[in-house]
Amino acid sequence: MPRTRRTTVTALAATGTLLTFGLAVPGRAEPPPPRPRPPGEQAELPDKDARTGDLAPTGRQRSAARGVAVRWNRLGTPASVTGARPLATGLSGDPEKAARAYLTAHRDLFGLNAAAVGALEKVAVNPIGDGAAVLLRQRFGELPAGYDGLVAIGVAGGEVVSVTSTLARDDAAPAPATLSQKDAVTAAGRDAGIAVSSAGTRKARLVAVPTAEGVRSAYQITLMDASGAEPKAVTSYVDARTGKVLVRENLVDHDSDDPRWAVFPATPSGDYSSRDTRQIWCFRPAAGCRSVVGGDPSSGRPWDVDPATGASTTTSLGNAARTYENRASSDPFTVGTRTSAPKPDRAYRYPWANQWYTGKCDPATMDSPQEADLEPAISNLFVQHNRMHDWSYRLGFTESAWNMQADNGDRGGLGGDPEQGNAQAGARFPQIRDNANQITPPDGTPTISNMYLWQPIAGAFYSPCVDGDFDMTVIGHEYTHAISGRMIAGPDAGWSGPQAGAMNESTSDLLAMEYLGEHGFRAPGRTPYVIGAYVTGDERAGIRNYDMSRSPLNYSDLGYDLVGAQVHADGEIWTATQFDLRQAFLQRYGVGNAALQRKCAEGAVPVAKCPGNRRWAQLSFDALLLMATGAVSYVDHRNALLAADTIRFGGKDHALMWKVFAEHGLGSAAASKGSADADPTPGFASPMSRNASLTLKPGGDAKGGKVRLYVGDYEARAVPVADTDPATPLGATFAITPGRYSFVAVGEGFGHKRFTATVGASRRTLTVEMSRNEAASVNGATATGDGQSQTALLDETETTNWQSVQAPAAGRQVTVDLAGDRPVRVGRVQVSAMLRPSAAGDPEGAGGAQNRFTALRDFRLLACDATRADCSQAGSYRTVYTSPADAFPADRPRPTAPDITLRSFDLRDVTATHLRLQVVSSQCTGAPAYAGEQDDDPRSGTDCGTAAPLAGVVRAAELQAFAR
Numbered sequence: 000m001p002r003t004r005r006t007t008v009t010a011l012a013a014t015g016t017l018l019t020f021g022l023a024v025p026g027r028a029e030p031p032p033p034r035p036r037p038p039g040e041q042a043e044l045p046d047k048d049a050r051t052g053d054l055a056p057t058g059r060q061r062s063a064a065r066g067v068a069v070r071w072n073r074l075g076t077p078a079s080v081t082g083a084r085p086l087a088t089g090l091s092g093d094p095e096k097a098a099r100a101y102l103t104a105h106r107d108l109f110g111l112n113a114a115a116v117g118a119l120e121k122v123a124v125n126p127i128g129d130g131a132a133v134l135l136r137q138r139f140g141e142l143p144a145g146y147d148g149l150v151a152i153g154v155a156g157g158e159v160v161s162v163t164s165t166l167a168r169d170d171a172a173p174a175p176a177t178l179s180q181k182d183a184v185t186a187a188g189r190d191a192g193i194a195v196s197s198a199g200t201r202k203a204r205l206v207a208v209p210t211a212e213g214v215r216s217a218y219q220i221t222l223m224d225a226s227g228a229e230p231k232a233v234t235s236y237v238d239a240r241t242g243k244v245l246v247r248e249n250l251v252d253h254d255s256d257d258p259r260w261a262v263f264p265a266t267p268s269g270d271y272s273s274r275d276t277r278q279i280w281c282f283r284p285a286a287g288c289r290s291v292v293g294g295d296p297s298s299g300r301p302w303d304v305d306p307a308t309g310a311s312t313t314t315s316l317g318n319a320a321r322t323y324e325n326r327a328s329s330d331p332f333t334v335g336t337r338t339s340a341p342k343p344d345r346a347y348r349y350p351w352a353n354q355w356y357t358g359k360c361d362p363a364t365m366d367s368p369q370e371a372d373l374e375p376a377i378s379n380l381f382v383q384h385n386r387m388h389d390w391s392y393r394l395g396f397t398e399s400a401w402n403m404q405a406d407n408g409d410r411g412g413l414g415g416d417p418e419q420g421n422a423q424a425g426a427r428f429p430q431i432r433d434n435a436n437q438i439t440p441p442d443g444t445p446t447i448s449n450m451y452l453w454q455p456i457a458g459a460f461y462s463p464c465v466d467g468d469f470d471m472t473v474i475g476h477e478y479t480h481a482i483s484g485r486m487i488a489g490p491d492a493g494w495s496g497p498q499a500g501a502m503n504e505s506t507s508d509l510l511a512m513e514y515l516g517e518h519g520f521r522a523p524g525r526t527p528y529v530i531g532a533y534v535t536g537d538e539r540a541g542i543r544n545y546d547m548s549r550s551p552l553n554y555s556d557l558g559y560d561l562v563g564a565q566v567h568a569d570g571e572i573w574t575a576t577q578f579d580l581r582q583a584f585l586q587r588y589g590v591g592n593a594a595l596q597r598k599c600a601e602g603a604v605p606v607a608k609c610p611g612n613r614r615w616a617q618l619s620f621d622a623l624l625l626m627a628t629g630a631v632s633y634v635d636h637r638n639a640l641l642a643a644d645t646i647r648f649g650g651k652d653h654a655l656m657w658k659v660f661a662e663h664g665l666g667s668a669a670a671s672k673g674s675a676d677a678d679p680t681p682g683f684a685s686p687m688s689r690n691a692s693l694t695l696k697p698g699g700d701a702k703g704g705k706v707r708l709y710v711g712d713y714e715a716r717a718v719p720v721a722d723t724d725p726a727t728p729l730g731a732t733f734a735i736t737p738g739r740y741s742f743v744a745v746g747e748g749f750g751h752k753r754f755t756a757t758v759g760a761s762r763r764t765l766t767v768e769m770s771r772n773e774a775a776s777v778n779g780a781t782a783t784g785d786g787q788s789q790t791a792l793l794d795e796t797e798t799t800n801w802q803s804v805q806a807p808a809a810g811r812q813v814t815v816d817l818a819g820d821r822p823v824r825v826g827r828v829q830v831s832a833m834l835r836p837s838a839a840g841d842p843e844g845a846g847g848a849q850n851r852f853t854a855l856r857d858f859r860l861l862a863c864d865a866t867r868a869d870c871s872q873a874g875s876y877r878t879v880y881t882s883p884a885d886a887f888p889a890d891r892p893r894p895t896a897p898d899i900t901l902r903s904f905d906l907r908d909v910t911a912t913h914l915r916l917q918v919v920s921s922q923c924t925g926a927p928a929y930a931g932e933q934d935d936d937p938r939s940g941t942d943c944g945t946a947a948p949l950a951g952v953v954r955a956a957e958l959q960a961f962a963r
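For the record, in the sequence shown the residue sitting at position 854 is 853 according to numbering that gives the first Met the number 0, with numbers rising by one throughout.
If you're looking for bench data, these hints aren't it; they were derived computationally from the structure. Given the structure is predicted, the values throughout are model-derived calculations rather than measurements. Ideal Cβ positions, reconstructed from N, Cα and C, are used throughout, including at glycine. Misleading hints may appear alongside valid ones.
[As the list claims (entries may be wrong)] Taking lysine-lysine and the DSS-like style, the derived pairs with C-alpha atoms no more than 25 Å apart in a straight line are:
(1) Lys47 x Lys202
(2) Lys672 x Lys608
(3) Lys672 x Lys47
(4) Lys243 x Lys181
(5) Lys202 x Lys181
[What the hints assert, rightly or not] Label pairs and their computed distance ranges (CB to CB):
(6) Asp93 x Glu601: 40 to 48 Å
(7) Pro341 x Arg106: 28 to 36 Å
(8) Gly52 x Thr790: 20 to 28 Å
(9) Gln586 x Thr312: 43 to 51 Å
(10) Thr727 x Ala654: 29 to 37 Å
(11) Gly66 x Thr312: 53 to 61 Å
(12) Thr312 x Thr357: 51 to 59 Å
(13) Gly299 x Asp678: 47 to 55 Å
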């Protein structure tokens, strides 16, 4: 039976763009197209595992687990096996034989008999330096395991270094199917809310699915529905006897012999001028060529050669990539109507005029003679897909690791699946903008990447008028989704669950950055580590909340973003960790010069002799092959990286790696219940360094009070590291590796305090001086005013907020009756404009996300003294503070969490019984970047204050008042 794998749709998803994933159906010019929620900020169909029960390991298994650390899976076998030493030594030099010998010798640990071990089928043996990742799969009778049933064993020099598995103890053949495939497809569609049609069914086959209650025969069914503005895609496993959906995975994460191409190595110029800065890249050295790019490393042929004939296609078709125009498609699987214009001389140099930008998104440019630069867009995308193919091939994304090629020769894997690039995808439809995505079907079926035009959208996203086909940070990001999605968890699964999805997004950012850096290419951005600066117009952070080289995030921050758990924002936690790990490798192994970096990128120098960044990149690829399931947590991926270092480099860098992991909350005590764990336990201590044991000690007004401590910049939805409340189990003492950290202390009645501290190995006490918060409800303060949830401003957490839905936003207010009966002195206030996931009563509706543009931007503070005036009358209040116009300084392309989190504002000393927070503007109505018409598209307005549906809504999370 042919192998299949889940089809995964992953999207760059600018947090605030109009379309999340895939292509949508055509819209009408009149009335204006619908305004769906920004990507990643709406309720999405969750992954589901309806298999009931958990099998506990047997006593015999527990006895066999002595001497190693075992985490058990729900099928009663080891999910992972780790140890301080190799798990087995003296085995065969053949990796597969060594892996099978290990399983045979440890069959009691896995609850398997010798026959079951012998029946495991080889899926792949992928090299990792002198070692390998061996992937084996169970069969149950005549059926292969379709979900779970895998074991990945890391082997080096006759030693087993790591083991991860989803094996089942029960290997019996399941009862045969009694349900028809048609009925199973119907059941899958009903469960997922997808209208079933023959066109919507992409894969259907009979497999086995192990459960705690026995092995079930099941139909593996992949459905896609592109009939709405938000495409749906799932792979479901339907019980072939009962019709019950056992597992469901949401797949929407949204001259002759010397050809030469004109290409933007990274992006067009960062100032958006129309200077043509493309370079000429050639297959062989020649006059006028800036770079010699060689050919497909799998065949040695140029990129435009048809492997079936060995002749040039003279257009954007080749072995590794096939690129098309796809402006009018409403189906993400559709092949575009044309390739680039054929060039018999193979000089693929199409004129570029920057027309979409200079035409200010005027749709008429698409029908001009220049066609909004369609030809150079197709060609540029074709070249960049080939570049990513060649670069990743040399890092291990080869045929046996399920890469994308029309012809695999005899090198393993399945052919017939080159990357299909859709340039200017959906450009004819105004609702399809500001995004990019990657669809990754099974090995042997072409993967698809959709690149879109970018355009400002009122109250959603404010990008320049540019074409994503020219931004290599975006192209590289999307292609990496296919790399990681195919390499992790074998041929039938990909990343699964929130933490895994976050690392999926992070890996795409990191490897796009790494490709550019190794080749010496510089995309726009204040540093080289900004993703999407060209398409977003934001040189500070691009499409993310942070420049990856300047991120404060750690594992305790999971869910920190305005919308709560969100794969793109949470992925930045893994990105911050991995970037610092890369930097640590660079410090140890050097940067090298440009020539050495290029040689390493081309595979001309062994990785052990390359600069530190190449070693880091190699381990990133290796680790993917060592995870037998895609439902991994950050802790699981950390362990895979450590195992990869052991296999390839003998584990010589473990101390360095543990130090970085610990600094980001992924130290030895870090723990997670799995990929779906929203509140994992952070750990800041390294097992290979001298750690500090710190005790939190509140001081000032908070002496003896109840205070929580967080590592990092965030409190909302973050996990504290210490707590002085005796009623909680956390305790005031914690271990942490030495370094400089930012902290947030939150006290009951004392508000928030942000500070930094250097922690040395000998430090024992962390004293935090805090003042009484006169605006805390726990101290007796109360609130009234416009809108709803006014007391949310007084609860000393940014997880809740006040909102006013009356229009206009300006002038909306909340009045706080301060604690006590007498006037108090206020010399400083703290205000937060943080948002939260939507709830009942929110204008957006429950289950999604609050619109980022509804956050407070600037405000006035008024005061009244009830001992001198009637504070129930508006005339009794006087303005005591007017904030800067950019008090919460969001800019293009949209507000982010760092823009609107808690900020401190100093006042001249005020004596009052009441304070009134009065809105001057929201982000939508007050930020210059979102004001006025910004394009020449007659189909929609861009001014946020007049065109956005939520322009009258404003929100704030906290008002805290202190004497000092």
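So, going through the hints one by one against the coordinates:
1. Lys47 x Lys202: holds, 19 Å
2. Lys672 x Lys608: Distance of about 39 Å is beyond 25 Å: violated.
3. Lys672 x Lys47: holds, 16 Å
4. Lys243 x Lys181: Holds, because 14 Å separates the two Cα atoms, which is no more than 25 Å.
5. Lys202 x Lys181: holds, 12 Å
6. Asp93 x Glu601: 40 to 48 Å: Distance hint for Asp93, Glu601 is violated at roughly 30 Å.
7. Pro341 x Arg106: 28 to 36 Å: violated, 60 Å
8. Gly52 x Thr790: 20 to 28 Å: For Thr790 against Gly52, whose Cβ atoms are near 43 Å apart, the range 20 to 28 Å is violated.
9. Gln586 x Thr312: 43 to 51 Å: holds, 46 Å
10. Thr727 x Ala654: 29 to 37 Å: Given a distance of about 33 Å, which is inside 29 to 37 Å, the answer is holds.
11. Gly66 x Thr312: 53 to 61 Å: The hinted range 53 to 61 Å holds for Gly66 and Thr312, with Cβ atoms some 59 Å apart.
12. Thr312 x Thr357: 51 to 59 Å: At roughly 32 Å between Cβ atoms, Thr357 and Thr312 fall outside 51 to 59 Å, so the hint is violated.
13. Gly299 x Asp678: 47 to 55 Å: Hint holds: Cβ distance 51 Å, inside 47 to 55 Å.
Of the numbered hints stated above, those contradicted by the structure are hints 2, 6, 7, 8, 12, listed in ascending order.
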